[in-house]
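Residues per chain, in single letters:
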Amino acid sequence: MNLQDYSVSRSSKAARVAAILAAIALLALIAAPWWAGRADMRLMGELFLYLSLATLWNLMAGYAGLVSVGQQAYVGFGGYMLFALTMLGGLHPLAAIAAAGVLGALISIPVAVLIFRLRGAYFAIGTWVIAEVFRLSFAQITALGGGSGSSLPVAIVKSLASGRAMREALSYWLALGAAALVVTAVYLFLRSRQGLALTAIRDNELAAGSLGIDIWRTKFIVYVVTSAFTAMIGALIFLQKLRISPDAAFSVNDWTAFVIFIVVIGGIGTIEGPIIGTLVFFALRETLADLGTTYLIVLGVVAIVVMLRAPKGIWGLVRSRYDLQLFPLGYRVKHIGQSKEN
Amino acid sequence: MPDPILQTRGLNSHYGDFQALYDVELDVGEGEVLAIIGANGAGKTTLMRSITGLMTNGPGQIHYRGQDISRLRADEVAELGLAMVPEGRQLFPSLSVKENLMIGAQVGRTGPWDMQAVYDLFPILEERKDQASTSLSGGQQQMVAIGRALMANPDLILFDEISLGLAPIIIKDIYEALPGIIGEGMSAIIVEQDITKALSVSSRVYCLQEGRVSLESASDTVSREDISRAYFGIE
Amino acid sequence: MEWLNAIVQGTLLGGLYALFAAGLSLIFGVMRLVNIAHGDLIVLAAYLGLTVTTATGMHPMAAVVIVVPAMALIGYALQRGLLNQTLGDDILPPLLVTFGLSVIIQNGLLEVYTADPQTLNAGALETASVAVGGVALGILPLLTFGIAIAVIWGLQWTFYHTALGRAFRAVSDNQDIAQLMGLNRRHIFGLAMALALGVTAIAGILLGIRTSFDPSIGGGRLIFGFEAVIIGGLGNLWGTLVGGVILGVAQTIGAKIDPGWQVLAGHIAFLVILAVRPNGLFPRISG
Chain A
69 MNLQDYSVSR
79 SSKAARVAAI
89 LAAIALLALI
99 AAPWWAGRAD
109 MRLMGELFLY
119 LSLATLWNLM
129 AGYAGLVSVG
139 QQAYVGFGGY
149 MLFALTMLGG
159 LHPLAAIAAA
169 GVLGALISIP
179 VAVLIFRLRG
189 AYFAIGTWVI
199 AEVFRLSFAQ
209 ITALGGGSGS
219 SLPVAIVKSL
229 ASGRAMREAL
239 SYWLALGAAA
249 LVVTAVYLFL
259 RSRQGLALTA
269 IRDNELAAGS
279 LGIDIWRTKF
289 IVYVVTSAFT
299 AMIGALIFLQ
309 KLRISPDAAF
319 SVNDWTAFVI
329 FIVVIGGIGT
339 IEGPIIGTLV
349 FFALRETLAD
359 LGTTYLIVLG
369 VVAIVVMLRA
379 PKGIWGLVRS
389 RYDLQLFPLG
399 YRVKHIGQSK
409 EN
Chain B
11 MPDPILQTRG
21 LNSHYGDFQA
31 LYDVELDVGE
41 GEVLAIIGAN
51 GAGKTTLMRS
61 ITGLMTNGPG
71 QIHYRGQDIS
81 RLRADEVAEL
91 GLAMVPEGRQ
101 LFPSLSVKEN
111 LMIGAQVGRT
121 GPWDMQAVYD
131 LFPILEERKD
141 QASTSLSGGQ
151 QQMVAIGRAL
161 MANPDLILFD
171 EISLGLAPII
181 IKDIYEALPG
191 IIGEGMSAII
201 VEQDITKALS
211 VSSRVYCLQE
221 GRVSLESASD
231 TVSREDISRA
241 YFGIE
Chain C
55 MEWLNAIVQG
65 TLLGGLYALF
75 AAGLSLIFGV
85 MRLVNIAHGD
95 LIVLAAYLGL
105 TVTTATGMHP
115 MAAVVIVVPA
125 MALIGYALQR
135 GLLNQTLGDD
145 ILPPLLVTFG
155 LSVIIQNGLL
165 EVYTADPQTL
175 NAGALETASV
185 AVGGVALGIL
195 PLLTFGIAIA
205 VIWGLQWTFY
215 HTALGRAFRA
225 VSDNQDIAQL
235 MGLNRRHIFG
245 LAMALALGVT
255 AIAGILLGIR
265 TSFDPSIGGG
275 RLIFGFEAVI
285 IGGLGNLWGT
295 LVGGVILGVA
305 QTIGAKIDPG
315 WQVLAGHIAF
325 LVILAVRPNG
335 LFPRISG
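Protein chains in written order, with our numbering: chain A, 69 to 410; chain B, 11 to 245; chain C, 55 to 341.
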């Protein structure tokens, strides 16, 4: 057994093929306004925003061990910031979306300091309390419509682009861009030193701590960055909807339950998981949505079965069968040349 | 040798990918006291966990009075009359001394051992019965752990490292009490690092080395050389 | 006088929150499980009460004799059939499975009972009150508070003076060694969940008499119960009563200032205590 017989590399043939296919798909998706119908574009826009939320939640829960059931806090916060900054602050919607991200990061700092005192499952419920505090607080602000909410004035909508087709295309591109940005950012982050620290913490918090990794700080950074992105996605979601109310903005079902199901079904703790989960979720929704509550029950049952029988989700099953990795994070050792001993 | 109360045949145990026991073959006769010796990490505690059902074993690897117990849960094994004094005592910290003893009787087997019999054996425990088990000294905690196992009125009792971490004077006391305990027709396995002590109370001895049985002998005839060879693997 | 009234009413309301919290605290104490579906199970109990009272014409308080065993049975089955499979070192499976369960129960209730708000009709009990020193005390809130004290005392007694409680503590301390003592932890956990949901059944019935309910309110009840547990300190049953009372008083005082502030004031009180005393007021176990 010689060391020269082995090579260590991050890349693999499957990953290179996937990268090329992804680039082609991205180009086709950018061109969607020229080939897709309005309804399809709306659906795809929504899909991209859910993909972003799922990727962000997965970064927290699947990598940083921060299981939140309160991400609707930042979705709603971002949505409300879009409305507040454009209606009351006179900002351009695009500037407001960026500002929503910054403000989301700022408000998440004191929140993190407080709820990081809770561990594990209690942390999860703590995040939910925060989301409720946000919902009840925004319901008190009469300038934003109080409990009944408000609509985005036509003048602000028009400031985005005068023509309807152009507005819809822009809104679609923003969603696509957000998804591409979030997936790429999370991927690059996980490949970085910080990402490596995160994986170490997930695998063994005690050992990681003794290796000098500042666990609190690493988790804190993940929480703040995730919150910022989630707030921006929230702003985009309500730019699509054009109407906001406390119950819609801070809905635990819409912005957390569905997102959790997407990640669990696709495969938690993998980058591919949320992508597959989002596709499965929308396929299920488009075919079963007529069933109403039954659809949600089915979704809950599927998520439970997946969690118990295949905890790494659909992607986990695929990967264990075919040893695939489309977003190569780890290094793999390959055997080249003929082996004599083995 | 009388009919075995316990037999292992081809016992293999794993922690994930790591194999801790290899084809262990062991017999404990009815009423016999067996000693198991071996260095740290030789697999002694793993063997105890396998026998008591705390680890999952392959089928057919462990027989108790002719019955295959290898796939039973620990509580089912306990009900058959197998009790253990675990390494490091492991009392229940939220239970008082008396409650720790009472929980030993949970399996509901009858026999010579009850609360009074344990108090007669270790009078200090009666004085301390309402204290938290964590407030006791190491030796007293070991008495509780032994009493707790006896309360189950077992037919086979396993002692895992009873002298570990105790003062020599206390070890001496406990070993003096042992014949009175085992004398009631019980069989016993004593896992021990102190080879002299182990040999003094047992009739036969097994030595484990890196998960394998490296020696099996009568306790009174085994030589020092045999033991050090089996213990350290020195040829 | 109005403020005194708010404090007294809040204290009595705290009894209900303590009942929400007691079940949550119990199962956390025994098996370190946090059940996200706890609030939905409270609502399920209220609906079971509704079905029993409409089918038999029983008074809702009497329906307890049917709903408590029914919920206990559901609890045992749920634990053995599903939740036991989620226990281990990883916190994700129990969290996500109970979250899925929450969605299933909520939508199942929607399917069966629709989204229309319901109440349990307790007749004169709902409005009866006694005047004590100028403050009108509702009989129902008084009764609720008394039941909360009795339930917590009963749980405490079970925990420290019965063989079952001994088994709960032993399994909570060390699952392996408890198993060696002949305790099947899966069965013990089932019994703990049965007991917890029995308490939940009482909470659900009292909730249903006090206010109207619909399938969507479970999350809010979970949060109130959770806040009471954390304020009181993890693993302390009497602490949940103190936590419930603090939460209740904060809410009634908040409502006194502005009706829209009721629930928000409770959350703020919780966050303040979390900031000042992260382990709660009377912690027993570290989370």
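Please keep in mind that the hints were generated in silico from the structure rather than gathered at the bench.
Mixed in with the good hints, there may be bad ones.
Claimed, not checked - Restraint ranges, calculated between C-beta atoms of paired labels, are given here:
no., chain 1, residue 1, chain 2, residue 2, range
1, B, 22, C, 143, 23 to 29 Å
2, A, 310, C, 227, 54 to 60 Å
3, A, 272, C, 55, 56 to 62 Å
Positions of the beta carbon are idealized from the N, C-alpha and C atoms, including for glycine.
Next on the checklist: Is 23 to 29 Å respected by the C-beta to C-beta distance linking residue 22 of chain B and residue 143 of chain C?
Outcome noted: Given about 25 Å between the Cβ atoms, the range holds.
Next on the checklist: Given a hint of 56 to 62 Å, does the C-beta separation of residue 272 of chain A and residue 55 of chain C actually sit inside it?
Outcome noted: 59 Å, holds
Checklist entry - Falls inside 54 to 60 Å, the C-beta gap from residue 310 of chain A to residue 227 of chain C? => result Given a distance of about 57 Å, which is inside 54 to 60 Å, the answer is holds.
In summary, the structure agrees with every hint in the numbered list given earlier.
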